[in-house]
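For chain A, the structure is supplied; the task is to place chain B on it using the hints.
As you go down the protein sequences, you meet chains A and B in turn.
Start counting the first sequence at -5; every next residue gets the next number (the numbering used here).
Start counting the second sequence at -5; every next residue gets the next number (the numbering used here).
Some clues are possibly wrong.
Just so you know, same-sequence chains aren't split out, so a pair can sit in one copy or run between any two.
What the hints assert, rightly or not - Calculated pairs, SDA-like style, for lysine to any residue (alpha carbon to alpha carbon, straight line, at most 25 Å):
1. Lys243 / Thr104
2. Lys12 / Pro222
3. Lys195 / Val119
4. Lys12 / Ala128
5. Lys54 / Gly65
6. Lys54 / Phe4
7. Lys275 / Gly33
Calculated directly from the structure, the hints in this document are not laboratory data.
Read off the chains here:
Number of protein chains: 2
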Amino acid sequence: MDITAQHRLFGGTLTFAKHDSAATRTPMALSVFLPEGEGPFPVLIWLSGLTCTASNFTEKAGAYKRAAELGLIIVAPDTSPRGADLQGHTVANDEAYDLGQGAGFYVNATQSPWAAHFQMESYIVTDLLQLIGAEWPADLSRVGISGHSMGGHGALTLAMNYSHLFKSVSAFAPIASPVHCPWGQKAMEAYLGTSHDAWEKYDAALRLAKGKALPFDEILVDQGLADPFLETQLMPHLLEQAAKVAGQKLTLRRHEGYDHSYYFIASFIDDHLDFHAQRLKA
Amino acid sequence: MDITAQHRLFGGTLTFAKHDSAATRTPMALSVFLPEGEGPFPVLIWLSGLTCTASNFTEKAGAYKRAAELGLIIVAPDTSPRGADLQGHTVANDEAYDLGQGAGFYVNATQSPWAAHFQMESYIVTDLLQLIGAEWPADLSRVGISGHSMGGHGALTLAMNYSHLFKSVSAFAPIASPVHCPWGQKAMEAYLGTSHDAWEKYDAALRLAKGKALPFDEILVDQGLADPFLETQLMPHLLEQAAKVAGQKLTLRRHEGYDHSYYFIASFIDDHLDFHAQRLKA
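Only chain A is shown next, with the shape it has when bound in the complex:
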């Protein structure tokens, strides 16, 4: 692991680092907030949205004051593999904000050219968690996951598919059902091919509608009603319907006037940190 920057804040330490991922076969960037004290600490994984790097949440969410008070490690990984290794795929990677670099969608790609590096699902649940366990005083039996937009989709689906790894899950303005929206359809087709059978695993609303019993006593989702992507891309009502079908408690809070930005996230992040801490520290 290479530490690229380190800052003291709220009595703790924020580290920006890079490490080699076996899953993506590239270096991967991340930030880690470590609170003051001895540990081991519970961990919250934060998955960011389209176009984001490890810096967006880190700089803009205003999460670390409460995290310091609660004694939570917060890990914010990058949203895709990046860098010189991907030069062979430059055009495919960079032609759009919603595909390729900055848009990994937290899936394991099976299609060319993406399959070579875009293995974000394995990266998060394997390489990233291993790194955190090895390099920080983290208690990997107490890990929660949250995220925003594409990262909200990632948090929900990874929590559902790896419920043994995650004790708590929440999301801000998640892409609730990728198979039903343009962002999701484009990414799923490029990364997974045209068969919808392969997509289902990565669709939170579909997974939930299956009625599979989940270990989560509650899922917390916040959504701004002035979010320009609400109707066309995010569709939280599909998650709400599926939760009803599945008998899964979902607290979906709709906020008048709030948009899709980090100002919305900052306004409610403390509620999410409290929600996770309550479950991770129980």
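Below, chain B alone, put in the same frame as chain A:
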């Protein structure tokens, strides 16, 4: 005034805007946080440091949660004039991070080519305050001022030179004595010429050492001890010595391990908001 973006946050509203300044003879950019409720609200002016725009504090300081609780308007102006009007001075403006665009130093330039537009002192105390009074439910009899680095210098010197306008003043890692450091010397010579008589007005430590009675019951300054600019550029001990000479109460808090970044600011911004609110709401 042109509103360029608006976001709901913490029950209030954040507005990014541009307006024409008579002082700089350019459009000037700013952000304004307005808390929920009727007002009129007291106002905190935040002056940013070298290279910053109106966005840095706005995105990174994590100040608005407490500002919403306290009922404080926070105004973050840009650090210099910018834009097409300055094309004639492009080389001079953009050849360095510490001179020209992004580096107004909150002075009224008297030297060519800067005098034509770089009138940041007049901009802050005249055009900016007028705009806030006209467009927001602000109580201009209750205005505080704070800032970081170059903006800490700006906050201290403007508060001292316009003590009838500002009821409270604080700073993070201010350039305490521009005449004694390379950043300050370069800027003062470029903007004000070689006569040191013209510089003194813009040097907080020198102003304070004059022993002129100030109306401030206390000045709050935070400084990180891992700040790479501490010894060479910031020199808060000169402010401390001057405060002693002047009999001005200065609370200078030195923080082990903290650097010059917005992570340092975020860690202590709530203390500054409380400090100002206590004085502005008294």
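Hints versus structure:
1. Lys243 / Thr104: Neither: 33 Å inside a chain and 66 Å across chains, both beyond 25 Å.
2. Lys12 / Pro222: For lysine 12 and proline 222, the Cα distance is within 25 Å only across copies (24 Å; inside one copy 33 Å).
3. Lys195 / Val119: So lysine 195 and valine 119 pass the 25 Å test inside one copy only (15 Å; across, 59 Å).
4. Lys12 / Ala128: within (14 Å within a copy, 49 Å between copies)
5. Lys54 / Gly65: both (20 Å within a copy, 21 Å between copies)
6. Lys54 / Phe4: Intra 15 Å, inter 14 Å, cutoff 25 Å: intra and inter.
7. Lys275 / Gly33: Classified as within; 12 Å inside a copy, 41 Å across copies.
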